[in-house]
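Heads up: the sequence lines are chains A and B, in that order.
All you need for the numbering used here is the position in the first sequence, starting with 1, plus 758.
All you need for the numbering used here is the position in the second sequence, starting with 1, plus 461.
Read the hints as simulated data drawn from the structure, not as lab findings.
Where hints are given, some of them may not hold.
Not the full set, but computed from the structure, chain B residues with beta-carbon under 8 Å of chain A [stated by the list, open to error]:
1. 465
2. 467
3. 474
4. 512
Beta carbons: idealized from backbone N, C-alpha and C, even for Gly.
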Amino acid sequence: MLLLWLLAALPILLIAFLILGLGWSASRAGPAGWLAAAAVAWLGFGAGTQVLAVSQAKAFFLALDVLLIVWAAYALYRVVDEGGGVAALAQAIPGLTSDRGSQALLIGWAFASFLQGVGGFGVPVVVTAPILVGLGFDPVTAVVVPSLGHAWSVTFGSLGSSFQALTTASGLATTALAAPSAVLLGLLCFASGATALLAAGERVRPLHVGIMGSAMAATQVALAVGGVWHIAGFGGGLVGLAVGYLLVRRDGRQRSGATVPARRLALAVVGYLLLVVVTFTVQFLPPLRSALGSVVLQAAFPAVETGGGFVTSAESGKALVLLRHAGAILLYTSALAYAVLRLAGATSPGALRRIASDTGRGVLGSSLAIASMTGMVAIMSHAGMTDVLARGLARAAGQAFPLMAPWIGALGAFVSGSNTSSNLLFGLLQRRTAEVLGLAAAWVLAGQTAGGALGSVLSPTKVSVGAAAASAGEFEGRILRRLLRYAVPLLLILGVLTWLSLKAAGG
Amino acid sequence: MNPARDRMRMLALVLALTASALETPALAAGAGREVLLLGIAAAMVLAILFG
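Bound conformation, chain B alone (with noise of 0.2 Å):
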């Protein structure tokens, strides 16, 4: 038990929940998906160096 990597787990976790959840919105508003696309693949990043 790491207390730290679980944040860092919890917080990739978060954000690539938030990001895709957020996408609904952008694709509606016609602006932002490109920064949520990237907001999930650093959420993936973080996983990989966390996990």
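Next up, chain A with everything else stripped away, as it sits in the complex (with noise of 0.2 Å):
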């Protein structure tokens, strides 16, 4: 039976052994991943050629549902980037306080958070650690701010990308995964706003982190609960934003320094504030959302059996409502900021072809890791082998399985680099494991995101991008040992509270 479970777990184990022992890439390991996948699902688990082929017909469409956000989630942050949004925002957000620990509360904090909602990538550390080092702090402490400050907001940044993966590789919907998410990533984020403190070598500031905390998770919350939660993690961020100035403001600690004009302060937000205009009004106009909502993909898939006699059942693939979804709302926002921008001046010549390539090159890597880890799990599903591995992780668990599922999250996303290859990686697992045991999925899929989120600011590639960008590359060790001192008490305390959310749940 070990044998067996060691065998489907054969993929998953693979792609840890090349990224963190051979430090090969995501989109090189998640290739692998599913070559490997695929030998044991026909040569182990007997699935034959329709087996298979139904599993990457069924992975097309989970993938494209990820990958649409993923594409054009960037655009947009390329868009914004070019009109000289983000460099103004870090140019002008600095000057607003000369207290240490506000400082670390609004950049380390607040603006790590809104540029996760948009941007994710990396861009938070890379953006804010060489802003803190600016302000004086040291380079270990530049990047360990940021990077335990945005980790609350990682599953509903990237405008949504890695709850779109939990989604998609799950198969709940959104509706009942959006609450047990957001109200956890929220307990998270008054963690974060502490950690990001105390690593600051502040003591925690129970008034700050308690109002600014509670109006960047209330608006998490009801976002993700409203159903526009692709601008969940963003509107969080842009609300901590407010709160935090507006506290900054009555502490009176203002820095002298050059002030950035407002006319710049407001074409670098216009592209967010026309991303909340574009999606409230799909939202919430029933003609025009009816209208979007003509065009669906969608296909029917037989049942297939494997040589071992496990069988998926005939079902629709997934439907992708193309003019509606989120990446579509993306896209119609990114054209709009660009032609606002234009207008306005705000680009230079080249800008539209700059911006098309650097998104094509931006998102490639990552591309390549959720086609092909997408196809990975199909193809275990499809083959038994997440039936297998759920099977094992239930029996050696038990009814302690809710306090591992942060920690598997965090596992997946330490080693892809990625909350959302972690969703797509073991969003399916847990929920089979949860079924397998009786509890309620959604809870544990919380758990697994929130761990995912916590797990992918450790990950080496993130320490990397972070300490060279606040000029740290030789201290990456010292910032991950510092990074962990804070996660692993988060992680526990996860699992706690994801126990406790079932144990109140009643699952």
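Once you've looked at the hints, go ahead and assemble the two chains, each given alone in its own frame, into the complex.
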């Protein structure tokens, strides 16, 4: 039995070994995992070509569902960046306060969370760490503070791509997953603020953390539960910035220095304001919502059975409502934002070509990782490998499994460097294990993604990128050790919170 | 940044997505699914080599 479990786990173990042991990127290790999964499914689990073909046909729809958001989110970030938006914000925010603790909260927590909400892809630490160094933080602290500060915003950040991956991989509806995920991540939000302060060498400020954390967490929960989950992380970060600004204004410890013209600041945020307008228009204007719902991509798939007798029933695949998809909304916003910036003279010649080519290059690696891992997970699911893994986990952990859920999510993200990849890898496994144990899968999956969010900031890839941005390349080991000092207790707490939530939910 | 490597990675991605997209009509037609599976596998090998 253990041998069969290890065989089923082989593709995941291989990916972990290739990334952690050999230093491969997720875009190379993911395809290796796909090949291993296909070989094990075929030779070890009796999955014939019909089973593999059905799994890959379904995987296409699942991968596209996630890729549309990843591509469009990156394009919007590049449009705003091309118009000088990120640089304007990075110049304006440090001038707001001279107090070190407030700098950690405003830049390392709220601004980093806002950047995660709209961009992700390592941008929060890359942008904020050099700012903190410029304000006198040592390079290691300058990386650790925003890494912890934005962890809570990762799942609903990148305009919701990790959350989309969780729903896609697990097969649970966004409406079922939004509230548990947003609540657990909301609790992590307070911890992110408190640990950002502690990492900065400051004492925890309950009033500041309480007010800013409540504003950010409540906004994220409200937007996620309200059906506009792709702007939940962005909204939380934006409100956190506004509330943080009011708090530091009240403290009255502004720094002297160059100010950013109001017009430039307005242009910096115009893309994100348009995102809010477009999102709410599409969501809450029934005629438009109905018109955009007319193009649906979906297919029906036959039942398949492996040589070992594992049956996957006939079913309709993932339905993609193309013109109303979160990715489409982001594309409309990108086009509008580009038009506004161009009319305002904020773009330079060749901007459109640069945006297109940078977006193509920027998303290539993550797209390969997402496409291969989605295909791999579909193979494992249809071959019965996920079922074997879930039953083994359920037998080993029993009712204590919820305590493990965040650790599994964190492991996936630590290995792959991505909450999205972790959710794709383990979303279905966590759901099946929860179902075997008779637990409410939505809360277990919330534990998965909260752990994945925290694990992603610990990943060697993200630590390296952050360290390079802060010119602290030789301190990667120290950065990781300091991050672990806070992350390990937080993961333990997340496990307990997942377990308690399940008890409270009666699952 | 290596344009040749990026082109190969792009080829791997397009090949993987196209072959898996075509599996749906291949299943309906009852032909071609093995070739498409080989296409996806080839895309994965390309991605490993150039990823």
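Status of the hints after comparison with the structure:
1. For residue 465/B, the interface hint is violated, since its Cβ never comes within 8 Å of a Cβ in chain A; the closest pair sits about 13 Å apart.
2. At a threshold of 8 Å, the smallest CB-CB gap from residue 467/B to chain A is about 6 Å, leaving the interface hint in force.
3. Residue-level restraint check for residue 474/B holds (minimum Cβ-Cβ distance to chain A is 5 Å; threshold 8 Å).
4. Checking residue 512/B against chain A: minimum C-beta separation of about 4 Å stays under 8 Å; hint holds.
Figure legend: structure checked against the earlier numbered hints; the only hint not met is number 1.
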